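Read top to bottom, the protein sequences are chains A and B. For what it's worth, this note's numbering labels the leading residue of the first sequence as 959, then goes sequentially. For what it's worth, this note's numbering labels the leading residue of the second sequence as 1233, then goes sequentially.
I should point out that these hints are in silico values taken from the structure, not numbers from a laboratory. A few of these clues could be false.
What the hints assert, rightly or not - Distance windows between CB atoms, simulated:
| # | chain 1 | residue 1 | chain 2 | residue 2 | range |
| --- | --- | --- | --- | --- | --- |
| 1 | A | A1435 | B | P1276 | 56 to 66 Å |
| 2 | A | V1411 | B | R1255 | 18 to 28 Å |
| 3 | B | P1275 | A | E1353 | 37 to 47 Å |
| 4 | B | Q1343 | A | S1463 | 36 to 46 Å |
| 5 | B | R1255 | A | S1464 | 14 to 24 Å |
| 6 | B | G1288 | A | E1499 | 13 to 23 Å |
| 7 | A | K1430 | B | Q1343 | 31 to 41 Å |
| 8 | A | V1411 | B | P1275 | 31 to 41 Å |
| 9 | B | P1275 | A | K1430 | 52 to 62 Å |
| 10 | B | G1288 | A | R1340 | 50 to 60 Å |
| 11 | B | G1288 | A | E1571 | 19 to 29 Å |
| 12 | A | S1463 | B | R1255 | 12 to 22 Å |
| 13 | B | P1276 | A | E1405 | 49 to 59 Å |
For clarity, every value in this text was computed on a predicted model and none was experimentally measured. Cβ coordinates follow ideal geometry from the N, Cα and C atoms, glycine included.
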Amino acid sequence: MNRPVHRPRPATLYSHVARRYSLLVLTTLLVAGSAIGSEATDAPRVLVLHAETTQLPATQLMDQGFRAALRGQPAGEPRVYEEYLDARRFPGLARDPELARWLAHKYRHDRPDLIVSVTSLPIDLLRRSSEPLWPDVPIVFNAIADDELQQRGRPANSTGVVHRWHLRETAAVIRQLFPEIRRIVAPFGPSALDLGYREVVRAGLQDTSGLAYEEWNEPTIERLRQRIQHAPEDAAIFLLVVSGDRATPSLTPYETVQDLARASNRPVFGGFSHHVGTGIVGGVMVDPFAVGYQTGELTARLLQGEQADAVPLTIAASRPVFDARQLRRYGVTTAALPANSELLFDDVPVFERYRWPILGTLGVVAVQAVSIGVLLQQRRRRLKAEAEQRAHMQEMAHLDRVASLGALATSLAHELNQPLTAILMNAQVAQLLLERSDGASSEELREALADIVEDDRRASDIIVGMRRFLKKGEIEAGPVDLNGLCRDTVRLVAPRALDKRVTISSALSTEPAFVHGDAVQLQQVIVNFVVNAIDASGVRETGPRRVVVASQHEGAEVRLAVHDSGGGVAPADMALIFRPFVSTKADGLGMGLSISRTIVEAHRGRIWVENDESGAVFQFALPAVGQIGSGTKGP
Amino acid sequence: MASRIAVVDDDAGVRRSIGRLLRAAGFDVSTFDSAEAFLSDVPPWACLVLDVQLPGLSGRDLAGMLAGTAPAPPIVLMTSHEPVPGDAGVPERWTCLRKPFDAADLIAAIQRLAPADAP
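Make a model of the complete structure from these sequences and hints.
Okay, here's the thing in C-alpha cells:
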C-alpha cells in the first residue's frame, strides 16, 4: 500500500487525496484488512460523464481509446467511473438539480479527482446548475465543436479535445474522386439524434462550392433504403449518423449506416472512421478511438499535476480514410486520394490476386467433373450397349443355328433314317421270328431286340444333339474338347457331304483339344466352316471334292482348320467375308461367318481364312485350357 | 441252295438289320460297308441291295458300273431322299426304296426282281 511518488498536484486534489488516504489508513488499522476500500486507495478517481448511452459504437470506441491512453501511465492508472446520462431521452436533465444531488450522493465517498465531460452537457450539469457540483474538480471535455466552444467560452478549470467536422473537406474529396457528381444527398431518419446531426451536416455541406445539397428526411429506414437504392446518377450519399426508426429502435447508427450504404447504388461518404467497412467509400473522418485517446492523454497530464487551464486545447484527430474495395467498385484509383489518406481493406481479394490460378483450377475441376460425368454416362451406355449386343449376338447366333439346321435338314433326315430303318427292319424280323416260334431263332430274336434298343438310342442322340444345337440362352462356359465337337459335326454333315459327292475326313490332334467356352457356340462355328466347305467343294466340276477338318496344338493355342477344295476365296473378299450379310452363296443369309467371328472373339480367340493349293482354309485359334487369360495375339 | 443277296450300306445298324431280315426270309446274304468292298467279292449275285449314299464310290456310281456288266444283277436302291427319276432307270432291273421302308416291301422287291432265285 505504498503510495507512489506523485508530482505536485492541484492543491484541492492533493489535500483530498491525502485526507482520503489517512482515513483509509485508519480504517484499515481498525478493520484489519476487511473489504472496505479494497481498491487501490491512492489511485486518483476519474469520473467520465457521457451524455449518450453506452450502446453507441462511437462511445465504446472513445472509451477504449481513453483507457488505452491511461494504461501504463507513470502516475499509475486512475480508477475510472462512468455515467451514461442518456440525456437525449431525458430532456432537461442537464438542468436537473436532483441528478446533480444524486451524483453527489453516489460519489460522496468516491469524490472524483477529475471529470471527463463528453459533450458540453455534463459541464452544464455540474457547473451551471443552481448548486454546482464539484466546482473545484478539473474537467477534460471532448465532443464539443469549435463553434459551440466559441459561443460559450472555455469552461473554467478545464481543457479538452475540440471537436471538428470535416464535411467540406469530404465534399472536396467527393468532387475530386467523382467529377460527374453534382449533388450530395444526406438522408436522415426520424430519431432525435438524427435531427441533431442534420444541423451538423447541413452546416457542413450546404453551399459547398460546386455541389448541390439535398436532404432526404423519411419517417422510416425502409423508405430511406428504397430512395437510396434508386439514387440519381449524379448524386453521392452522405451518411454521418442515421439511427434506427420506431420499428427498429435498437439499431445503432453503425448498423443503420451499414444497411443503407450496402443498399446504395451510388458512392456513400461518412464522417466517422469506424464506419469505413460498412460499405461507405470514406471521407475525411473523425476517429472516436483517437478522440478518446486524446482525452486520456489530457487526463493523464492533469493527473500528473498540470493545471487544466494551462493545458492547451487539442483538436480532435481526423484523417482521410477510404475503403479500397469501394474505390475499386467505383473504378477510382488511389492516386486521386488526398495525401496522408488511410486506405483500409487494401488487401487484394484472394480472387483478384490469384485470379488465373483460381480460374485455371476451377476450369480444370469443371472440365474434370464434366469429363467424369461424360465418362460415367458413356460407361453406362457402353454397358447397356454391350448387354444389348450380347443379347443380339445370342439371338443372331441362334438364328444362324436354326439356319444351319435348316440347311442340314436333309442331312439330319438321312441321319435319322438310318436308325429308323434299322429299327423297323429289326422289329419286323422280330415279328417274323415270333410267328415261326420254332425256338431255334431265339438268339436271332435277342440280337434284333438289342439292335432296336441301340438304334433307338442313336436316333435319340441325334435329336438331343439337334435340340441342344438349337438351344437359346446364355453362354455356358466350361472345358470343351474341340476334337469331340469336330467328330459330332462331321457325323452331322456327313450325309450332306455324301449328297454333294464330297469326301469329308478328319485330321485331329491325338490328344484332346480342350478350350474354355460354350460347346454349342463352338460347334456352331465348326458347322458353319464345314457346311461352307462342303458347299464350296461340291460345286467343283473336276478334281477331288474333299473337306478336311484338322485340329492341332500350337503353343498356347488350339487351332482348328477346315480345308476345302473349292478353289479358295478371292483376295478382295478375304477382308469382307467375316462381315455380316456377305455371302458368296445364293441361298445364304450371309450371317454364318459373321456370327462365327463374334463367337470366336467372345471366346478370346481369332478367326481368319487363308488359301491353299486346292481351296480355302477357314480356321480359328482359341487359348488352350489352362492358358485362359494369358492373352492371345491376332494373326 | 438259297440265292445270294448282297447288301451294301455304310451304316452298320442298317446293314445288320437288313442282313438279319433277309436271312430270316431264307436268303443267303452277304453284307458290305462300301461299294469297294462289294466289288472285291465274287459274283454272281441274285440281287443287290444298295444304299445310294455311300462314302467313296456311291451306290449310284456302282449301279452304273454294274449296268454294263453281264450278267448285271438286279438292284434295290435305298435312299433317304426322294427317289430321283434316274434311279428308276431300268424298271425291270432296278427298284428304289425310300428309307425307312417296310420289310415286306424289300422282300417283295427282291422277289419281283429275282423271281427265279427267290426262296
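Evaluated hints:
As the Cβ distance of A:A1435 to B:P1276 is approximately 60 Å, the hint placing it in 56 to 66 Å holds. Checked against the hint of 18 to 28 Å, the pair A:V1411 and B:R1255 passes, with Cβ atoms roughly 20 Å apart. The hint said 37 to 47 Å for the Cβ distance between B:P1275 and A:E1353, and at roughly 58 Å that hint is violated. For B:Q1343 paired with A:S1463, a C-beta distance near 39 Å keeps the hint of 36 to 46 Å intact.
For B:R1255 and A:S1464, the Cβ-Cβ distance of about 34 Å falls outside the hinted range of 14 to 24 Å, so the restraint is violated. For B:G1288 and A:E1499, the Cβ-Cβ distance of about 19 Å falls inside the hinted range of 13 to 23 Å, so the restraint holds. Distance hint check for A:K1430 and B:Q1343: the Cβ-Cβ separation is about 51 Å, which falls outside the suggested range of 31 to 41 Å. Range check, A:V1411 to B:P1275: Cβ separation about 36 Å, and the 31 to 41 Å hint holds.
Judged by the Cβ atoms, the range 52 to 62 Å given for B:P1275 and A:K1430 holds: they are separated by roughly 55 Å. Look at B:G1288 against A:R1340: about 54 Å separates their beta carbons, and that is inside 50 to 60 Å. Restraint check, B:G1288 to A:E1571: a C-beta distance of roughly 23 Å satisfies the suggested window 19 to 29 Å. Separated by about 33 Å at the C-beta atoms, A:S1463 and B:R1255 break the suggested range of 12 to 22 Å.
Between B:P1276 and A:E1405 the beta carbons are some 29 Å apart, a value that contradicts the proposed interval 49 to 59 Å.
Hint check: violations occur at hints 3, 5, 7, 12 and 13; the rest are consistent with the structure.
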